[in-house]
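**Student:** Residue strings, one per chain:
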Amino acid sequence: MPFNSESKATMVIDRTLPEIYQSPGRMSRLDILDFCWILKGMGVDIIEIDGRLVQKIGKLPEGLDYIFRVRSPEDIGICISSGIKRCILRKPVLMQQDILDIISLNRLDATLEVNVNTLEGIYSLEKLKCLKGLNIISCLRIAGLGSISSAAWVNAVEQIRSLLDLKVDICPGNRFSLGTAAALEAVEYGMDYVTASFAGYGREYKFAPLEELLVSMKILLNKNLKADLSTLPELSRRFSKYTHREIRGGKAIIGKDIFKFESGIHACGIERDPNTYEPYDPLIVGQKRVLTIGKHSGRQSVRKKLTELGLDAGSCDLATLLDIIREKSIRSGNCLSDEELTDLYYTITGYITFT
Amino acid sequence: MDISIVDTTLRDGEQKAGIALKTSDKIYIAGILDRLGIFQIEAGIPAMGGEEKKSVSKIAGLGMKCKVSSWNRLILADITHSMECGVDIVHISVPSSDIQIKSKLGKSREWVIDNLRRCVSFCMDKSFAVTIGLEDASRADPAFMLKIIASALIEGVQRVRYADTIGILTRTRIFDEIRSIRSKVDVDIEMHAHNDLGMAVANTLSAVKAGAAFADCTIGGIGERAGNCSMMEFIKAAKACFGICSHYNLKNIKDAQKEILDIIFKKGF
Chain A
75 MPFNSESKAT
85 MVIDRTLPEI
95 YQSPGRMSRL
105 DILDFCWILK
115 GMGVDIIEID
125 GRLVQKIGKL
135 PEGLDYIFRV
145 RSPEDIGICI
155 SSGIKRCILR
165 KPVLMQQDIL
175 DIISLNRLDA
185 TLEVNVNTLE
195 GIYSLEKLKC
205 LKGLNIISCL
215 RIAGLGSISS
225 AAWVNAVEQI
235 RSLLDLKVDI
245 CPGNRFSLGT
255 AAALEAVEYG
265 MDYVTASFAG
275 YGREYKFAPL
285 EELLVSMKIL
295 LNKNLKADLS
305 TLPELSRRFS
315 KYTHREIRGG
325 KAIIGKDIFK
335 FESGIHACGI
345 ERDPNTYEPY
355 DPLIVGQKRV
365 LTIGKHSGRQ
375 SVRKKLTELG
385 LDAGSCDLAT
395 LLDIIREKSI
405 RSGNCLSDEE
415 LTDLYYTITG
425 YITFT
Chain B
4 MDISIVDTTL
14 RDGEQKAGIA
24 LKTSDKIYIA
34 GILDRLGIFQ
44 IEAGIPAMGG
54 EEKKSVSKIA
64 GLGMKCKVSS
74 WNRLILADIT
84 HSMECGVDIV
94 HISVPSSDIQ
104 IKSKLGKSRE
114 WVIDNLRRCV
124 SFCMDKSFAV
134 TIGLEDASRA
144 DPAFMLKIIA
154 SALIEGVQRV
164 RYADTIGILT
174 RTRIFDEIRS
184 IRSKVDVDIE
194 MHAHNDLGMA
204 VANTLSAVKA
214 GAAFADCTIG
224 GIGERAGNCS
234 MMEFIKAAKA
244 CFGICSHYNL
254 KNIKDAQKEI
264 LDIIFKKGF
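Top to bottom, those sequences are chains A and B. Going by my numbering, the first residue of the first sequence is number 75, and it counts up by one from there. Going by my numbering, the first residue of the second sequence is number 4, and it counts up by one from there.
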């Protein structure tokens, strides 16, 4: 591979806000700013915003870096008056001479966004060399890469980067669930920027999920080590509130159920050493492990759970209790609540509860 | 290049905390999966006994087109339970990383090899087909992993499951590892990916590109923690990237996924 992973740090751009902020009013000024600060704390370097967001925020706070999406001549005015030095635009916008002139006059750091989904598509970007206005572009955002099944895109992008003499921002789509893999490769092989969105949120084919990228950078590449990812549950809560979308319980990194464990084999392993069945400490992402009791539990898990609940496991026939737990769990199609387990315990031991 | 799908919804999928299926549910789901045209169903863990063993036994007796396998620890008693269920394939999970062997089991690498030989030979003597799973392969010493594979091959095993048990692979790494294994030993590889970092589909696809002939999936990607490789997402990606899996109809899979997930989560977990 042509890039040296030690050569430089890839900057992370988040594009969640313009995707969420489709209808004004869904987020207040404070909501938007809080969202931005949480992203920054998690290791996001640059936050993508647009004209509607800037108008909502008003004066932008210092300490955050932005890239402004330009869709119209009016937008470019907002970008300049708000003091943002980076902008991103697509080809049709670049064709507008007045926008070109303003970008050039104000020396904005301009990124051109293109969408390609195949290796051939990446190589075809050489045609951009003849594009009017390319001289004012400093970075090329390559979005998509949707159906490329390996890191072969890295060599293709490097060729284009050299040919066009531009920085590169990789923004993988997630139509075929390959977004995180490509985003991580962008960091591993030293691309200038990588762009993602929280929970992969996006209108069309979505993007690489930011949270998966940030955690993967931390635990697989030893990068982004100072970032505080324990705020992910708070960001998830806000995201659900603004988008009215529930995050699946099993969603990688941010699902509320991912650190629940039940099966006897896993419970036994985690009891001895959590590293046996956990890829990282749940605390890193603001979660904690929870032992549940159900059809797949073993005696050791039940003993541990009883102890957790302050019950004396030694005075209970665990084999009988486990049989009843399994039967009850299969009948309900679910695990047992702490109250159900406690009741079962008292039924078996013959103790009477006083409530 | 083509791929055989091994569906483990009824084993690894059901192991997700909070899922508990009745025998009738498992039988019904197995029927849906069989009609999709998959190669193999991993039906459960007979060693759990009771309802679980009964369900594996009934699924094995359905006379479906697909193969039916069961999951076993490296323990003869587990395997006996599976044999009593009449499964087509006995799958034996072999701890391959030191953290699994030492921290979890308190055993040694020698213990693993000895028991592997004993268990596989026990199956072969009784004319059962066997596959082995390299549990936690992504954290294993490659040399020891090869030793496990070589020992299994000597005993007559033809297919080995590479399990990324805690979902920490990248697609470049799994490609290199599968290539490396296949360059050293003549064995069929089955890829078993977990989705902890959101890369289960990408990693399974990469393993296929490197020569894995079998891909483990679950319906809706359900499974321990963040789950497994989603069957529908994998087939969608495999069609788009490699033009394979042409005999799978995405609409049928989507409908099957909805029906199965409705059964599994009907209690609103």
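Source of the hints: derived by calculation from the structure; they are not laboratory data. Wrong hints could be hidden among the right ones.
Said to hold, decoys possible - Computed list of lysine to any residue pairs in SDA-like fashion (alpha-carbon distance at most 20 angstroms, straight line):
hint, chain 1, residue 1, chain 2, residue 2
1, B, Lys56, A, Ala393
2, A, Lys130, A, Asp105
3, B, Lys212, A, Ala393
4, B, Lys239, B, Lys257
5, A, Lys292, B, Ile171
6, B, Lys56, B, Asp91
7, A, Lys402, B, Lys57
8, A, Lys334, B, Arg121
9, B, Lys57, A, Gly372
10, B, Lys242, B, Lys269
11, B, Lys61, A, Arg405
12, B, Lys57, A, Ile398
13, A, Lys402, B, Met51
14, B, Lys254, B, Asp91
15, B, Lys269, A, Ile404
16, B, Lys269, A, Ser411
17, B, Lys261, A, Arg322
18, B, Lys25, A, Ile404
19, B, Lys56, A, Ser406
20, B, Lys242, A, Ala393
21, B, Lys56, B, Phe131
22, B, Lys56, A, Lys292
23, B, Lys105, A, Ile404
24, A, Lys378, A, Ser389
**Student:** Give a verdict on every hint.
**Tutor:** These are the hints, each one checked on the structure:
1. Of the supplied pair hints, the one linking Lys56 of chain B and Ala393 of chain A holds, its CA atoms being roughly 17 angstroms apart against a limit of 20 angstroms.
2. At most 20 angstroms may separate the alpha-carbon atoms for a hinted pair to count; Lys130 of chain A and Asp105 of chain A meet this at roughly 11 angstroms.
3. For the given pair, Lys212 of chain B sits about 47 angstroms from Ala393 of chain A by alpha-carbon distance, which is inconsistent with the 20 angstroms threshold.
4. Only pairs whose Cα atoms come within 20 angstroms are accepted, and Lys239 of chain B paired with Lys257 of chain B is accepted, the gap being roughly 11 angstroms.
5. Distance hint between Lys292 of chain A and Ile171 of chain B is fulfilled; the C-alpha atoms sit about 12 angstroms from each other, no more than 20 angstroms.
6. For a cut-off of 20 angstroms, the pair hint linking Lys56 of chain B to Asp91 of chain B stands: about 15 angstroms separates their Cα positions.
7. Taken as a hint, the Lys402 of chain A and Lys57 of chain B pair is honoured in the structure, with Cα atoms around 17 angstroms apart against an allowance of 20 angstroms.
8. Only pairs whose Cα atoms come within 20 angstroms are accepted, and Lys334 of chain A paired with Arg121 of chain B is rejected, the gap being roughly 34 angstroms.
9. This hinted pair checks out: Lys57 of chain B and Gly372 of chain A have alpha carbons roughly 18 angstroms apart, not beyond 20 angstroms.
10. About 31 angstroms separates the Cα atoms of Lys242 of chain B and Lys269 of chain B, which puts this hinted pair outside 20 angstroms; it is violated.
11. At roughly 18 angstroms between alpha-carbon atoms, Lys61 of chain B and Arg405 of chain A fall within 20 angstroms of each other, so this suggested pair holds.
12. Using a Cα cut-off of 20 angstroms, the hinted pair Lys57 of chain B and Ile398 of chain A holds, with the two alpha carbons roughly 17 angstroms apart.
13. About 15 angstroms separates the Cα atoms of Lys402 of chain A and Met51 of chain B, which keeps this hinted pair within 20 angstroms; it holds.
14. Between Lys254 of chain B and Asp91 of chain B, the direct Cα distance comes to roughly 29 angstroms. Violation of the 20 angstroms bound is thereby established for this hinted pair.
15. A threshold of 20 angstroms between alpha carbons decides the hint, and for Lys269 of chain B with Ile404 of chain A the separation of about 12 angstroms falls inside it, so the pair holds.
16. Using a Cα cut-off of 20 angstroms, the hinted pair Lys269 of chain B and Ser411 of chain A holds, with the two alpha carbons roughly 17 angstroms apart.
17. A hinted pair counts as satisfied when its Cα atoms are at most 20 angstroms apart, and Lys261 of chain B with Arg322 of chain A qualifies at roughly 15 angstroms.
18. With a C-alpha separation of about 6 angstroms, the suggested pairing of Lys25 of chain B with Ile404 of chain A holds against the 20 angstroms cut-off.
19. Note on Lys56 of chain B and Ser406 of chain A: the hinted pairing holds, with a Cα-Cα distance of about 19 angstroms set against a maximum of 20 angstroms.
20. Annotation: proposed proximity of Lys242 of chain B to Ala393 of chain A is violated, straight-line Cα distance about 48 angstroms (limit 20 angstroms).
21. Annotation: proposed proximity of Lys56 of chain B to Phe131 of chain B holds, straight-line Cα distance about 18 angstroms (limit 20 angstroms).
22. Under the criterion of a C-alpha separation no larger than 20 angstroms, the hint pairing Lys56 of chain B with Lys292 of chain A is inconsistent with the structure, at around 42 angstroms.
23. With a C-alpha separation of about 33 angstroms, the suggested pairing of Lys105 of chain B with Ile404 of chain A is violated against the 20 angstroms cut-off.
24. Pair hint Lys378 of chain A plus Ser389 of chain A holds up; C-alpha atoms about 14 angstroms apart against a cutoff of 20 angstroms.
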